[in-house]
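For chain W, the structure is supplied; the task is to place chain R on it using the hints.
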Amino acid sequence: MDFTYTETQDMIRDTLARFLGDTYDFETRQKFINSDSGRDPAIWTALAQDLGMLGAPFAEEHGGLGGGALENAIVMEELGKVIGIEPYLPTVVIAGGALKAVGGAQADAMIPEIIAGNAIIAFAYAEPQGRYDLANLRTSAKKDGAGYVLSGHKSVVYAAPWATHLLVTARTGGNARDRDGVSLFLIDANLPGIVRRDYPTVDGGRASEIYFENVAIPGDALLGGEGTGLPLIEQIVDEATVAVCAEATGVMQKLHEGTLEYTQQRKQFGVPIAKFQVLQHRMVDMFMEVEQARSMTIMGTLKLGLPANERMAAVSAAKAKVARGANFVGQNAIQTHGGIGITQELAIGHYFKRATMIEGQFGSHDYHMDRYERITLND
Amino acid sequence: MDMEFSPEDLAFQQEVRDFIAENYPADLRDKQDEGEEMSKEDFLAWHKILYKKGWIAPAWPVEYGGTGWTPTQRFIWSEETARADCIRLMPFGLAMVGPVIYTFGTPEQKAHFLPRILSGEDWWCQGYSEPGSGSDLASLRTTAVADGDDYIVNGQKTWTTLAQHADWGFFLVRTDKEAKQQEGISFLLIDMKSPGITVRPIITLGGEHEVNEVWLEDVRVPQSQRVYDENKGWTCAKFLLAHERTGIAGVAASKRGIEKVKAIARTELDGDKPLLANAFFKRKVAELEVDLAALEFTELRSLAGPNANRGPGPESSLLKIKGSEIQQRLTELTLEAVGHYGAPYFRGFGEGDNEHPIGPDYAHRAAPTYFNMRKTTIYGGSNEIQRNIIAKMVLGL
Chain W
7 MDFTYTETQD MIRDTLARFL GDTYDFETRQ KFINSDSGRD PAIWTALAQD
57 LGMLGAPFAE EHGGLGGGAL ENAIVMEELG KVIGIEPYLP TVVIAGGALK
107 AVGGAQADAM IPEIIAGNAI IAFAYAEPQG RYDLANLRTS AKKDGAGYVL
157 SGHKSVVYAA PWATHLLVTA RTGGNARDRD GVSLFLIDAN LPGIVRRDYP
207 TVDGGRASEI YFENVAIPGD ALLGGEGTGL PLIEQIVDEA TVAVCAEATG
257 VMQKLHEGTL EYTQQRKQFG VPIAKFQVLQ HRMVDMFMEV EQARSMTIMG
307 TLKLGLPANE RMAAVSAAKA KVARGANFVG QNAIQTHGGI GITQELAIGH
357 YFKRATMIEG QFGSHDYHMD RYERITLND
Chain R
155 MDMEFSPEDL AFQQEVRDFI AENYPADLRD KQDEGEEMSK EDFLAWHKIL
205 YKKGWIAPAW PVEYGGTGWT PTQRFIWSEE TARADCIRLM PFGLAMVGPV
255 IYTFGTPEQK AHFLPRILSG EDWWCQGYSE PGSGSDLASL RTTAVADGDD
305 YIVNGQKTWT TLAQHADWGF FLVRTDKEAK QQEGISFLLI DMKSPGITVR
355 PIITLGGEHE VNEVWLEDVR VPQSQRVYDE NKGWTCAKFL LAHERTGIAG
405 VAASKRGIEK VKAIARTELD GDKPLLANAF FKRKVAELEV DLAALEFTEL
455 RSLAGPNANR GPGPESSLLK IKGSEIQQRL TELTLEAVGH YGAPYFRGFG
505 EGDNEHPIGP DYAHRAAPTY FNMRKTTIYG GSNEIQRNII AKMVLGL
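Just so you know, the sequences run in chain order W and R.
Each residue of the first sequence is one higher than the last, beginning at 7 in our numbering.
Each residue of the second sequence is one higher than the last, beginning at 155 in our numbering.
Same shape as in the complex, but just chain R:
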């Protein structure tokens, strides 16, 4: 057991740093610094650069386009991209449906979809939740009825993140109404341009258009776009949720977040001293750092420990719970740090808007981000559901 980087690891770290420094788009950096809302092209700009380099999917098996990196190299990669404030890659293709397709898909599905996920050609969205099916996901009511070689899909999905940009969606649908809840579900890949699909925005607390309602009315979907067996979609869903949960820990990004909070608290004054010298505020920062270290080493144990080759298991729920709590505390602390200037409300700055914004730059997104990040303990299986999973799968209750 050791946490040393080998000479090869250090060389890799340098290679990553150099690559980011030379290739990260300057205009994207500017938009991030200004706190502007990101367009589809912004999200994809960095994706395409990494695709060209062959670094777009470190977690995938090499045969499907992965990098073949060691756990240490993947650790270095996430540290360095967070350190450099690189925009986050959309997880829907790379971290969610991609692994489902290469694990459960047909040769044709793999050959068609995986390269397009890697290149960024297809933007994916996730059709899971429904108005009546949140934590009780298996109660979903969207139906797919066989019709020749197709299914006819009807129903409504909700909380569909960035579906307004999506070319494709992966959907959980009910193919057998008689079966026990979890046994009648299938996993379908649906072209979002199909007739009968309507996407309507839902505006969240920070003012963002991030999530949507997706309506499906007599949408025709070829059965060849079903992944895995009919009525076995829950297997794919569980597999995907475990994958989603590990990525959700967000250790490297939270480390970077703490650095930013500290920078703010060194600038903001409390009396004649920096806010960071306030004993109460300082203690909250320190507690957050300590809790983040505990999360980091719990994740490292699962990535580079005795069970590293087993893939994510139910204990990844721990990473989701603690990771999301830390992300929320971080945004709460940031909002507290900016004081009065948490209140002014911005909806980004349009082209050519030269008006000097109100308050310091670092305050602009503090409140909207705080509001927005309440989602983290709700999505991906709420933290209460994660506790149910641990109770059942780990503790055997």
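Okay, chain W solo, but in the shape it has when bound:
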């Protein structure tokens, strides 16, 4: 048992923190998220080519740094600290995770493209009726010769406007919500019949509604087995869930630090408001939530390799705790800032918005408590 980071892990964190410190200050971020494309592609390129950061969780034989989930957590936490909108989560954590799991020629072809920064992959899994149920799919992929024909509507696909590829869940058999009959495809984002409605998200990102209108996709787009994709999808979504817990930890830390700083500057009744015990204790409570979020992220990350049931229980415990903590820290950061906290002017409100979206991402507190109970308390 060991809870220390390796030298390489410390180096990844330090390198990335320095780079983001130089390139990702709040004003710069606001400029590019409000630009037409909503991003600065040079940052992604630099992350890939100057820092090698997109190879953090990949094997050295693919050109990666030889890491795994812990390295993803480190990167995500640092991105959280600058409310980064870089598509590391869908591209590296999710699509990268799926490719690592299936291996073979598909991994050999795509992973180097991810590491080089050439591929941006969006994860099209949610549907309007599906809520957080990964098997609740109306999108269908019907066998057609050697390939498939894809039809359906995917909701709120983060990073889709920037994507070169889409990772899509679709039903190749069975009825809506069956565990069987679910498949996972990695396809070119610009195939004929893919229609997107792009929009900004409240937390500074970009996303799309995606309509597949009888899109012909090749047979080798299938990742894993046909109709047996759900366990793989659950696994990569669990990996993504602890990755957003790590991001939340970074976001929450900044919300807390920003609040500490503000209360020491802001004077009322002739003294800095940080002198008031009621605010001190609130900031201690926020601190405790940040520390527990960090602990639960580590717990979830370390348990990703366990058998599915233990993994899911651990990930759900982590996400439930982090969701509550993000809610508490975010709301209290705004409250403690007073009026200025509810304006667009300060960074604090933008951290609050990202914290709020993370609460529900890959399942709310209630969803994860339900899942946790189903696994651990049903007998």
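Just so you know, these hints were derived from the structure itself, not from any lab.
All values reported here derive from a predicted model rather than from experimental measurement.
Honestly, I wouldn't trust all of these hints.
Restricting the straight-line Cα-Cα distance to at most 25 Å, the calculated cross-link-like pairs of lysine to any residue (SDA-like) are [to be verified]:
#: 1; chain 1: R; residue 1: K414; chain 2: R; residue 2: K546
#: 2; chain 1: R; residue 1: K409; chain 2: W; residue 2: Y138
#: 3; chain 1: R; residue 1: K438; chain 2: W; residue 2: Y138
#: 4; chain 1: W; residue 1: K281; chain 2: R; residue 2: T531
#: 5; chain 1: W; residue 1: K37; chain 2: W; residue 2: L26
#: 6; chain 1: R; residue 1: K546; chain 2: W; residue 2: F334
#: 7; chain 1: R; residue 1: K427; chain 2: W; residue 2: E379
Just chain R now, with coordinates in the frame of chain W:
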């Protein structure tokens, strides 16, 4: 970073399990199962077995009698002893005054007191709080006035846990009335059989005689029993409080507690289903488990993380706050689970009392334990004081 147990760790785990299975006293187990009040001999029975084995003080440095275990082995030890429902060891010598003595004591103090703490020969109590000094501990008024090679001590201490059993007490006393509050305090070791000491019971909400008032009237204490410099006792006190706070998290015991609550909630019926199938009750159990996992991994980070060698710091206040809240929620949930049979009041069962007790065994101590455990957010520096400590020492406010 990993949470694997090495083959050596697994072998150690097995060794611990075997040792407990072969050596834990059966009659002590019976008394615990019946919910009886523990005597001094009960508390010491397990202590003495561990002393003989050399496992009595895992947290101490090896040179003073520690086990030299790794953080992982200590983690395994606390898990296994909690899993097996071993009686808790009294912390006053092992976790409180012992570390103060080996950190600040003279060679003579170490040579005399430490072996007797390890063997269980001396039972210790803590003379800190006073009627007028609770959270504001530094306002204490018990005085020690130099008289030749001795001090003459006068004053009153309160909330002195199990002082009725104590051979020795460690006391905070004022040796300089003129100095700023925290600078005029000294740390004294006092023989509880000294003339002038009176111990009077305080009965707490569960009906237990657990705490006492201790009166000191012209008690003569050799100056050689002062630990560290005169007027520097606050340094010892702060050191001790940080130590006390980490032990207070009680993760392993709370894990075991949740297992017990679940067992009760599987037995108790709610309609035609077990109580544990009630969605509201189940959610409270699940929330408790999740919060306990967060506490456990926060503690593991501090025990086996980058700062592991630094010793407990002010962040241990977090462990105290969250640990005590969880212990209280656990007793609250237990009381809720037992339903009607939380109400009957027992004061233990005397020898030869064969009358069948009322209600299920697991209900007997539910309410008294709930009442008793309200202490956890008050003692060791109340949770409000812990927040003050974090605000000042960690957040720099």
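Quick rundown of the hints versus the structure:
1. K414(R) to K546(R): Violated, at roughly 38 Å.
2. K409(R) to Y138(W): Cα-Cα ~30 Å, so violated.
3. K438(R) to Y138(W): Distance ~23 Å between K438(R) and Y138(W) Cα, so the pair holds.
4. K281(W) to T531(R): holds (24 Å)
5. K37(W) to L26(W): At roughly 15 Å apart (the allowed maximum being 25 Å), L26(W) and K37(W) satisfy the hint.
6. K546(R) to F334(W): holds (21 Å)
7. K427(R) to E379(W): OK: K427(R) and E379(W) at ~16 Å, within 25 Å.
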